[in-house]
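Participant: Given next are the chains, with one letter for each unit.
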Amino acid sequence: MGMTMTEKILARGAGRDSVRPGDLVLAKVDFAMGHDLTIPPASKIMREQMGAEKIWDPDRVAVTQDHFQPAKDAASATLGRLTREFSRDMGIKWYFEVGQGGICHTVLPENGLVLPGELVVGADSHSCTYGALNNFATGIGSTDLACVFALGELWFRVPETLKFVYHNRLKEWVEAKDLILYVIGQIGVDGARSKAMEHTGEALRHIDMEARLTMTNMAIEAGAKNGIMEFDEVTKEYLDGRAKRPYTPVTSDPDAEYEKVLEFDAEKVELGVARPMSPDNYSPLSEVAGTKLDQVFIGSCTNSRITDLRRAAAVLDGHKVAPGVRLIITPSSHQVAIQAEKEGLIGIFLASGAAWTTATCGACLGGHMGVLGEGEVCLSTTNRNFPGRMGHPKALVYLSNPAVAAASAVAGVITHPKEVLKKMPAGIA
Amino acid sequence: MSFPKVIRGRAWKFGANIDTDQIIPAKYAIYSLDEKELGKHAMEGVPGREGWSAGVAQGDILVGGSNFGCGSSREIAPVAIRGAGISLVIADSYARIFFRNAINMGYPILQSPQAAEGVDEGNELEVDLEEGIVRNFTKGDEYRCEAFPTFMNELLHMGGLVPWVRQRLEERRRVATARG
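Chains as they are written, first to last, in the numbering used here: chain A, 22 to 450; chain Y, 4 to 183.
If we strip away everything but chain Y, and leave its shape as in the complex, we get (with noise of 0.2 angstroms):
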């Protein structure tokens, strides 16, 4: 899977302290592994959100505010936003779970609080992941984002956790079998 540089999208926006079962109410827990599923419900627990994703474009961004994510560990939260078609999610701040599961399936997540502030619904965004900038061609506005950690933008790139992973355990397979 190769990691995009640009994503150009719509930004729907957020508030602060959305939590997972606003995210993705537990009781469509049950589709846990049908990401088209769990994207049809995404976000509708959000007060005035009700039916939300059939709205979305392929493509679109959703900007968050602060300790976005918060609550359950379910996995489902960053599974459901992505299978409703979000292209990336850029939040004022992260609760750590949601933001662990994001990089860990190569889910791009960005970190920008002049852009959980400055962007407003429906504006024009165009995101440079390398570069860590987020453009407003609405506003005509330009936002930073937060410089992650080297292993987690390695992890990002290469795709998450599931190739480190099979890179790992193919690299003890090559030492047990080296050892006889």
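Isolated chain A (complex conformation) (with noise of 0.2 angstroms):
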């Protein structure tokens, strides 16, 4: 019987032939991930609890400052300081400290720490992100990061896999973004709980390693444990220069076994959003359009690279912010930042008369920097609109993809990228 790539990446890691969906397997971590507001607790845990005096291996952890950093109040610069002290101590081989990372889940992958074939781990539920460059990927709490740096190893309940696939291509303006709304939206925010989705079709071959991560991020928006892609020429092309360690693509069989295969006509899939107060809450754009907004993030590990601040900017380009809203552009990294800077999109966003910060996640799970107050409206690039995930219990969040953003920060209500801009340029649509 044939494997998933979900499961062989499991079998290799605990050492056996093959498994099956529903056995509970002990398996090697090839590389793990923790941020300020995880790293504490598992410290603790690990030296305290499990008295472990060092982790299992320093040059296969990752460690950045980015939830509450640079710190928004003394309890946070606590935490900054024992995640730094933690990194140092351990000699934590990847540790981003603030102003030369960013947000985790753009760090390792644009560092090429997290490789095809590879069992991924983070004490984070959004590190699904990195299954699009083909490895197994998946988010756990501090017990469990504390278990890996003692041991190198985890449990996991192998999952069974749901397939989808996208046929066609997607059409104008529509983004990666819409796509995954819209299959959030069909499945239901447990549509693929415990599950791994796998990720393939025509469409996905015509989109690059960014917007392929933004599908893969919000894997945990259906409840999955893990979402993985295909290796192919655009991932093999993004990790050349890149990657860290050699690697080994994993395939699934042609007689692999799928709880469920679901397709989809990607040309049909609309520009939407999700609604408040759920990222299930799929909607057209054309519903929507119209709705006044108060602020406009474009931020968080779902949505803000280098690519989604191009599309962004040119349609920000000569166009100013909407009297009333703010718009507030929080790049994904430090890397992002730099390249943004290089490219002249800085000097568009500040013209427009947007807010711009450093990468952190910031305004996205209401940190800081942007976060809404009662009865307060926001369109948002980020990934989850659960009631008061950006602030106040009240506040309204409507996510959608970074051109939809621009434009509407521009307009001041919800709407189509082609309101303000005729064509996406060649290049960056």
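Because the hints were derived from the structure by calculation, they are not lab data. C-beta atoms are modelled at their ideal positions from N, C-alpha and C, and glycine is treated no differently. Some clues are possibly wrong.
[To be verified] Below are the BS3-like pairs computed for lysine-lysine, each with C-alpha atoms no more than 27 angstroms apart in a straight line: (1) Y:Lys39 with A:Lys65; (2) Y:Lys16 with A:Lys415; (3) Y:Lys39 with A:Lys93; (4) A:Lys49 with A:Lys265.
[Said to hold, decoys possible] Label-pair ranges, simulated between beta-carbon atoms: (5) Y:Gly62 with A:Arg190: 53 to 63 angstroms; (6) A:Ala376 with Y:Thr141: 48 to 58 angstroms; (7) Y:Glu120 with A:Gly72: 42 to 52 angstroms; (8) Y:Thr153 with A:Asp38: 19 to 29 angstroms; (9) Y:Met161 with A:Gly120: 42 to 52 angstroms; (10) Y:Gln170 with A:Pro305: 47 to 57 angstroms.
With the hints in hand, could you dock these two chains into one complex?
Facilitator: Now the structure itself:
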């Protein structure tokens, strides 16, 4: 019997010839990640409770200062300090200080730290992002991370796999974000609960690595354990000169078993948003166009990489943010910020009246630099809009792609980008 | 830590898809190392539940709907619920990271669509953890719970992942010493 990519990676990690969905395995981890909110508890559990003095392999761990950093208050400064001291004491090789890293889920792929065929865990739910690079990557808690640090291995239940096949190509203006919001709208926030989402099909061959990362990033919004994609030329090109270790891609066998195969015609997917208060509240843009906004946020591990910022800048170029609206743009990494500066994007953002911030998770989780007040309405390129996610429980958050966000900031209401920009320039669409 | 056999308490009832930011809003993550402080703010992100934890008596039981604990991986979600004084969580189903985190902490959770459907807020419950049965004294009903895989039960009964890792570390040290 054949295996899926997910099953093959877990079988290799467990040192077994094969695994089946439902098996509980103890598997070796290839790479682990934690950040300023999850390292302090993991450090305490590992050292004080588990009695481990060192981590299994400091070369295979990354730590970022991204959630509440640069410190938003004294208590966050303490978490930052604990994270910094732990990384130093353990000799962690891939430690990213404020101003040198950014959001974990952008930093790890762009530094070539998470690779095809690998088993990756991160103490952050959006760790599923890395699966676009043909690996098994999943979010874990701090006790889990402490276990990985101490032993280099962790228990997993082998998930059933759902296969998502996307036929044809996405239409003009429609992005990977619209596609994944549409899919989550179809299956619900628990539609892939504890399962693997394997994405495949023609539509994916025509989108770049950053767009693919946007799709696997939101696997968790469907409740999935991981999102995973095939290795192809796009993957190879992205990793050339970037990969920090040799790697072996993995493919699903032709006779692999899927719990279900879901087929979509990508060409029929409309530009859309997730309405408040759930990521599965998909709605075509036409149904919410005209909704008045208080804030627009372009940021997060979902949609604030360089290609996202290029599209936002193309829309904003020569325009001003509407009176009564604030536009906050947070690049997802320091490297993204450097590239945006080189390409002149930051000048466009500043001239439009946008607030440009340092790379951080920031407003996405209601942390800092853009927290919403009672009754405020926000259009955001992030991943979650459950009550209170970005601040007050009665704030309303719509999720969209960056071009829609930029156009809506200019109009002051939810708007199709074609109302502001005739055509997305070739090469960045 | 000995695992309880029977838990009695009053039920608090929540709906479907209660996410971790509702269980403990991210702004309280600054108290990540302080269970009692987290407990004071548990569930306050759920609309209409502001100040909820002040009304919780030690030992009360939380009953949730489907996909309970979806969202973030932050372990402070089950920690906050425990910190509020809740002795046990029962839900129709769990989001996987919340589920893992609770098991890893050795914190008893049960999955019972029957209980999630049948229990109303304020009902007096008795839960037999060994038998996997929830008795509702208020309504005179009984609900069955789903069985967990053996390894997860073992983890729960030994107190979670911490003692399990300690055992494995000791084994590794013994092997290393024996090898000289």
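Participant: State for each hint whether it applies.
Facilitator: Hint by hint, here is what the structure shows:
For the proposed pair Y:Lys39 and A:Lys65, the alpha carbon gap of about 17 angstroms is at most 27 angstroms, so the pair holds. For the hint linking Y:Lys16 to A:Lys415, the alpha-carbon distance of about 21 angstroms falls within 27 angstroms, and the restraint holds. Between Y:Lys39 and A:Lys93 the CA atoms are separated by roughly 22 angstroms; this keeps the pair inside 27 angstroms, and the hint holds. A C-alpha spacing of about 19 angstroms is found between A:Lys49 and A:Lys265, which places the hinted pair at or below 27 angstroms, so the restraint holds.
Range check, Y:Gly62 to A:Arg190: Cβ separation about 58 angstroms, and the 53 to 63 angstroms hint holds. The given range of 48 to 58 angstroms is respected by A:Ala376 and Y:Thr141, whose C-beta atoms sit roughly 54 angstroms from each other. Judged by the Cβ atoms, the range 42 to 52 angstroms given for Y:Glu120 and A:Gly72 holds: they are separated by roughly 43 angstroms. Separated by about 22 angstroms at the C-beta atoms, Y:Thr153 and A:Asp38 satisfy the suggested range of 19 to 29 angstroms.
For Y:Met161 and A:Gly120, the hinted distance range of 42 to 52 angstroms is satisfied, since their beta carbons lie about 43 angstroms from each other. Roughly 55 angstroms separates the CB atoms of Y:Gln170 and A:Pro305, a value that falls within the hinted 47 to 57 angstroms.
Checked against the numbered hints above, the structure breaks none of them.
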